[in-house]
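Chains A and B supply the protein sequences, listed in that same order. Numbering of the first sequence is given in the working numbering, commencing with residue 1 and proceeding in unit increments. Numbering of the second sequence is given in the working numbering, commencing with residue 1 and proceeding in unit increments.
Mixed in with the good hints, there may be bad ones.
To be verified - Covered by chain B, per the in silico footprint, the following chain A stretches (three or more residues, Cβ under 8 Å): (1) 58 to 69; (2) 73 to 81; (3) 185 to 196.
What the hints assert, rightly or not - Computed list of chain B residues with no C-beta within reach of chain A, every gap over 10 Å: (4) 55; (5) 59; (6) 128; (7) 230; (8) 292.
Claimed, not checked - Derived contacts from chain B toward chain A, CB cut-off under 7 Å, selection only: (9) 63; (10) 126; (11) 127.
Don't read these hints as lab results, they were simulated from the structure. Predicted, not measured: the structure shown is a model, and the values here were computed from it. No residue lacks a Cβ here, since even glycine has one placed at the ideal position from N, Cα and C.
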Amino acid sequence: MRVLAFDCASSQCAATLLMPDGSALSRVEARERGQAERLVPMLTEILAEAQVGFGDLDRIAVTTGPGSFTGVRVGLATAIGLGLARDCPVIGIDSFTAFAASMRVDSRLAIVIESRRAELYWQIMNETQPACGTPPEIAAALPPGVSVGGDAAGRLAGWGAGFGITPRQPGPDTDQLARLAVTLPLPTGFPAPVYVRPPDAQKPAGRNG
Amino acid sequence: MLVLGIETSCDETAVALVDEIRVIHADLVLSQDDAHRAFGGVVPEIAARSHLDSLDRLVRGVFTESGKQFEDLSGVAATSGPGLIGGLMVGVMLAKALCAARGLPYIAVNHLEAHALTARLTHAVAFPYLLLLVSGGHTQLLLVEDVGSYKRLGGTMDDAAGEAFDKVAKMLDLGFPGGPALSRAATTGDPERFVFPSPLAGRAGCDFSFSGLKTAARLVIETLGSDPTAADKNDVAASFQAVMARIVVDATRRAQRQARALHAGLSTFVVAGGVAANSLIRDRLETACRDNGFTLIAPPPRLCTDNAAMVAWTGVERLQRGLVDGLDFAPRPRWPLAA
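In isolation and in its complexed conformation, chain A is listed as follows:
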């Protein structure tokens, strides 16, 4: 199976082409901006290097967030465009699952994701739902012995001692993302974004509906 996986919902622009023999070709660029310029050229470069056409892909995998709202949409709009043009299934993997798949830990795992705001996105894998919280709120809610990963894990430093912070990764490992996508069932439509936080919009005071 040939899988093209990419992520720009986090602080990177990264992509992997996974080949049927299990070999993989990856590019990773740490960047918080400019994914809109880099992503599509990066994907065409990887495919050209592997001499694989977009029509040869069996699956496309993309992170669906949470993360930067713009980054989430850059990745998803690109994945949907590729899927439409080549009638190729697109598998969305939320960024908590994508970060978790990048880590090799046996203990309970929490993922904390950067929001560039006071409240971070966080989830205890297989236990809680995705949520927003400040570093002290998240630290207080973490059970003892849990390992903390994700690009904002370091922001919990100093807020508690009962958990272990793993070294910072700017984003999920797209090689692991591609391998995970192989094991997932085929979806019926295109994946939806996972924003976790609603849009910042206030209804004007005194107006109806």
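With chain A's structure known, arrange chain B on it following the hints.
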């Protein structure tokens, strides 16, 4: 030559297929009005989310409706600015992905250029011509010399004309959408009851200013008390509309003379944008055109508001001239058409 056009720069998600012999094979527009109405204006983050939610359906829709396939395309054009960055990002990335996956040229379309070239899609107008773009988002007088070649003769220094109509309609509580409601109210009002200032009147240039007029309207409405009668409101609407028409048409007359000075044979005047549907402004523009020896061309309303047929057509025009863009193109929230 068949081009797929995508428009996501504000609160309309639109996709169309247009060819070089001016056939619109499909033209779908999805308005987000309902999603934004409660907030009293377009919320950028809501707009961006809505574009992503519906764009794939519209792309499939134009192929289904036209019976065309990806194999039939010569290129993909997307509005790449100016506009709201979140929405532009969705359209640009999806378009670039289609191009990468199909080996097609990508055409980054300036939204204003798409409005400017619409008359060539609908009326096969030849260059050069004078364009008045007058809508909720833009008020500009442009000399259109060729694809990619524009001279700005004048433009608004503050609000767009349509924005001024909408805001005064809101002050008068005339309903939504405001512009057409205000013109309806004006039909039975007295246009001479209230005197509004004409900002920039007597100036030589072709610029517009509407914000002082808006303030004047608020002050007039305040003198009518907390519960003005329908007749009072109609008089305000008629007086306001009369001065708007005078400002727009006076600047147009000056621009017609300037355009003629630059291109002796120039005789085509194109009006585009939602405000062009206002019948008083349209009548006065027709008079100005007759006086100055211009032919007035107005594309149909559906193609004057935001749509993707104009984007696809601009893609056709640019592709015919070899004007294509790289897949590293980043959307431009600010992108003036002419200096």
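Evaluated hints:
1. With 1 residues having a beta carbon nearer than 8 Å to a beta carbon of chain B, the segment 58 to 69 of chain A misses the requirement of three or more and the stated coverage is violated.
2. Coverage of a stretch by a chain is defined here by at least three residues with a beta carbon nearer than 8 Å to that chain's beta carbons; for the segment 73 to 81 of chain A and chain B the count is 8, and the condition holds.
3. Requiring three or more residues with a Cβ within less than 8 Å of a Cβ of chain B, the coverage given for the segment 185 to 196 of chain A holds, as 4 such residues are present.
4. For residue 55 (chain B), the condition that its CB be more than 10 Å from all CB atoms of chain A is violated, with the nearest at approximately 7 Å.
5. For residue 59 (chain B), the non-interface assignment is contradicted: its Cβ lies about 6 Å from the closest Cβ of chain A, within the 10 Å cut-off.
6. No Cβ of chain A approaches the Cβ of residue 128 (chain B) within 10 Å, the least distance being about 35 Å, so the stated non-interface status holds.
7. With a cut of 10 Å on Cβ distances, residue 230 (chain B) stays outside the contact zone with chain A, its closest approach being about 21 Å.
8. The beta carbon of residue 292 (chain B) sits about 44 Å from the closest Cβ of chain A, which is more than 10 Å, so the claim that it is off the interface holds.
9. Taking 7 Å as the C-beta cut-off, the interface hint given for residue 63 (chain B) is violated, the closest approach to chain A being about 9 Å.
10. Evaluation of the residue 126 (chain B) hint against chain A yields a violated restraint, the C-beta minimum of about 36 Å exceeding 7 Å.
11. Checking residue 127 (chain B) against chain A by beta carbon gives a least distance of about 33 Å; that is not within 7 Å, so the hint is violated.
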